[in-house]
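Protein chains in written order, with our numbering: chain A, 5 to 117; chain B, 6 to 114.
Hints should not be assumed to be uniformly reliable.
Calculated pairs, EDC-like style, for lysine to aspartate or glutamate (alpha carbon to alpha carbon, straight line, at most 20 Å) [as the list claims (entries may be wrong)]:
| no. | chain 1 | residue 1 | chain 2 | residue 2 |
| --- | --- | --- | --- | --- |
| 1 | B | K61 | A | E105 |
| 2 | B | K72 | B | E20 |
| 3 | B | K47 | A | E55 |
| 4 | A | K34 | A | D66 |
| 5 | A | K34 | A | E55 |
| 6 | A | K56 | A | E79 |
Hints listed in this document are in silico derivations from the structure and should not be mistaken for laboratory results.
Just so it is clear, the structure is predicted and the values come from calculations on it, not from any experiment.
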Amino acid sequence: DAGVTQSPTHLIKTRGQQVTLRCSPISGHKSVSWYQQVLGQGPQFIFQYYEKEERGRGNFPDRFSARQFPNYSSELNVNALLLGDSALYLCASSFSGGSNEQYFGPGTRLTVT
Amino acid sequence: QKEVEQNSGPLSVPEGAIASLNCTYSDRGSQSFFWYRQYSGKSPELIMSIYSNGDKEDGRFTAQLNKASQYVSLLIRDSQPSDSATYLCAVMGTYKYIFGTGTRLKVLA
Numbered sequence: 005d006a007g008v009t010q011s012p013t014h015l016i017k018t019r020g021q022q023v024t025l026r027c028s029p030i031s032g033h034k035s036v037s038w039y040q041q042v043l044g045q046g047p048q049f050i051f052q053y054y055e056k057e058e059r060g061r062g063n064f065p066d067r068f069s070a071r072q073f074p075n076y077s078s079e080l081n082v083n084a085l086l087l088g089d090s091a092l093y094l095c096a097s098s099f100s101g102g103s104n105e106q107y108f109g110p111g112t113r114l115t116v117t
Numbered sequence: 006q007k008e009v010e011q012n013s014g015p016l017s018v019p020e021g022a023i024a025s026l027n028c029t030y031s032d033r034g035s036q037s038f039f040w041y042r043q044y045s046g047k048s049p050e051l052i053m054s055i056y057s058n059g060d061k062e063d064g065r066f067t068a069q070l071n072k073a074s075q076y077v078s079l080l081i082r083d084s085q086p087s088d089s090a091t092y093l094c095a096v097m098g099t100y101k102y103i104f105g106t107g108t109r110l111k112v113l114a
């Protein structure tokens, strides 16, 4: 079975631009979470979606938004990019998003110049 | 106090030895705990989950949980050079995982 997939793999953007990252969960999984990981740190929680509803939001500014589609895939949008947004963006899927195990995709490496 | 604390390392162990990785957490109400392995430049890979006090074994890996002490650990037996990676401890909060900063493990051949 396919694991979590993310696109694109790498992305280079300029300050002030907007970016959309995409994620497809493992088949049968209904919950998607987004994390930001900067070098030397653990992943930081951004959002969790379950059945197309936002279940949780981390301590990120309103420039970050996300949505989940009827097929359970998800998009993360970041507006007005800052240099500090440069990071590895990880998507994780789980069956229901409760205490279920989360499985990570390969990530999207975003570089903001 | 950080919500999830890990020693950043590096922890160096010789090949064949037992590697012991430790993690403490601050939320006494936490119920679910996870260990992930992350190779440089890659995404985290789930190794173990543990929900009850005591030990849970899976192959060369043993997770240990002590909720009273708010402590979770991962033992890797017969460590191999391929185990060299960063090990992330994650604690389940409300609808989110809270990660530690990870411990870098080096297994010396």
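Checked hints:
Under the criterion of a C-alpha separation no larger than 20 Å, the hint pairing K61/B with E105/A is consistent with the structure, at around 15 Å. A hinted pair counts as satisfied when its Cα atoms are at most 20 Å apart, and K72/B with E20/B does not qualify at roughly 31 Å. Note on K47/B and E55/A: the hinted pairing is violated, with a Cα-Cα distance of about 28 Å set against a maximum of 20 Å. Under the criterion of a C-alpha separation no larger than 20 Å, the hint pairing K34/A with D66/A is inconsistent with the structure, at around 24 Å.
As the CA atoms of K34/A and E55/A are separated by approximately 6 Å, the hinted pair is consistent with the 20 Å bound. This hinted pair checks out: K56/A and E79/A have alpha carbons roughly 11 Å apart, not beyond 20 Å.
In summary, the numbered hints that this structure violates are 2, 3 and 4.
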